[in-house]
Each structure stands twice: as C-alpha cells, then as structure tokens.
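Could you build the full structure based on these sequences and the hints that come with them?
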Amino acid sequence: MRILLLGGTTEASALAKQLAMAGRDAVFSYAGRTARPVLQPLPMRLGGFGGVAGLVEYLQAERISHVVDATHPFAAQMSANAVAACAEAGVALCALERQPWQAEKGDRWIEVADMQGAVDALPENGARVFLAIGKQNLQVFAAKPDNHYLLRLVDAPEAALPLPDCAVVVARGPFDAAGDQALMSEHGITHVVAKNAGGVGAEAKLQAARALGLPIVMIDRPQVPERQILRTAGEVMTWLDHS
92 MRILLLGGTT
102 EASALAKQLA
112 MAGRDAVFSY
122 AGRTARPVLQ
132 PLPMRLGGFG
142 GVAGLVEYLQ
152 AERISHVVDA
162 THPFAAQMSA
172 NAVAACAEAG
182 VALCALERQP
192 WQAEKGDRWI
202 EVADMQGAVD
212 ALPENGARVF
222 LAIGKQNLQV
232 FAAKPDNHYL
242 LRLVDAPEAA
252 LPLPDCAVVV
262 ARGPFDAAGD
272 QALMSEHGIT
282 HVVAKNAGGV
292 GAEAKLQAAR
302 ALGLPIVMID
312 RPQVPERQIL
322 RTAGEVMTWL
332 DHS
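For the sequence shown, my numbering gives the first residue as 92, with consecutive numbering after it.
Think of the hints as simulated: they come from the structure by calculation, not from any bench.
In the SDA-like style, the derived pairs of lysine to any residue whose C-alpha atoms are separated by at most 25 Å in a straight line are:
| hint | residue 1 | residue 2 |
| --- | --- | --- |
| 1 | K196 | T281 |
| 2 | K226 | Q207 |
| 3 | K108 | H333 |
| 4 | K226 | Y121 |
| 5 | K226 | R136 |
| 6 | K226 | A250 |
| 7 | K235 | N287 |
| 8 | K196 | S276 |
| 9 | K226 | D205 |
| 10 | K226 | L130 |
| 11 | K226 | P255 |
| 12 | K226 | P306 |
What follows is the structure, given as structure tokens:
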C-alpha cells in the first residue's frame, strides 16, 4: 500500500501524524500556494500535478494505491481532478472533509452561492469588510471599490492587490475569538465575508462576529463529484485497513 495525501488543512496534518506513527508508506502533497507550508512528518511534494492526466501519470509512476483528499473544501478543482484520476487509474479514493458550519442563535448570516453572490450582498459603499477568504478571489471584490477591505493572509502579498482601499494583516491560524473580536473592533468592521470551510481552526471569526452583532456573508461550498467522505483521521485509518 502506498498513499497519496492531498493536504493543506489541519485535518490533513493530523492524519499525516497518524500515518507516520503507524509507519505507513505515504506522501504528503501541498498545492504550493503558501510560501511557508507547515512541515509534515511524511515525505512532501509541492505544486500541482498538471490536471487529471498529470495526476494519473503521477499515481501510476509512484505506484499509489490509495488517495486521501484532505484539501480545503473550496479546492473544488483539485477534488474533481482526484475523482477523475483515481477512477481512470483504478486507485481507491476517500475524502477527509470537515462538516460545514451551521448558523447558531445570534448569528446574522447572509448565505450566498459563490463569490459573486458575496460581492452582490455587500453595500455599494461605506462598508468596512473583513474579507476572510484568502488571496485567490480578491479581484471580484474590486467591483465595489468604495468599501474598505481588511485581509488576513498567511503570506505578505508580493504584488499590488486589486482592491484600492484595503489593509493587510499577515498571520497564520488557528485564531481565537477574543483576538478576532479585538481585530474587528480595531478596524471598525461592519461586515464579514467567509467561506463555509467548517472546522475549529477558523471558527473564531464567526464567534467574534456573533459577539459584535455583525452580519456574515457566508459563501456555500462548491459542488464536487460524488466520492466517499470521511470525517476524522481515525475513520480514514480504518478505511485504509479495510480497502
């Protein structure tokens, strides 16, 4: 058995530790979108595969028997590629995917289907927006340049950002509710935009927005082709033992 772990989440890191402790033959793959990826107790590779065909070639060349997709719930293209490539190469696949968040008492969620929906949900001007979506989809928010945007990024931006009025905080999670509440208060935030990633590592901003009574524009997860979904590293280890 040789395992390819598609990582990038806290759940992937937890699984990597279990695989290493169990002495499994596994490779941890990062998409390479951050300059300082978290070191893992497994051999690591960085970068994309070159679409479905490139992933099939990698699976065959490396004699991969099992793939665990523990990428971010919004990495829909990678997940779709994994489904197609594993089917073509005859490789077993499961996804380690956290449950999405659910609105709680006191939350003011505005649920939207995608990034464009999030832009549409914001005021035309005068809003101070905590744009907690990473750096990949900023351009679409330039359609409303008269709002102020606060960005929290893992890496400092290397080029000019597409938002004319923005501030950047460079930090790596997990974060806590008190810290996020202080951050939002300091910057006078009026709206929060978030992806429904689920999990506890990024939940602090939801708790902070709830405490401050702020609306959250919550972006739904993208659709991914059907695959077996597991919720914990322990479930994945059991799956590996029985597949």
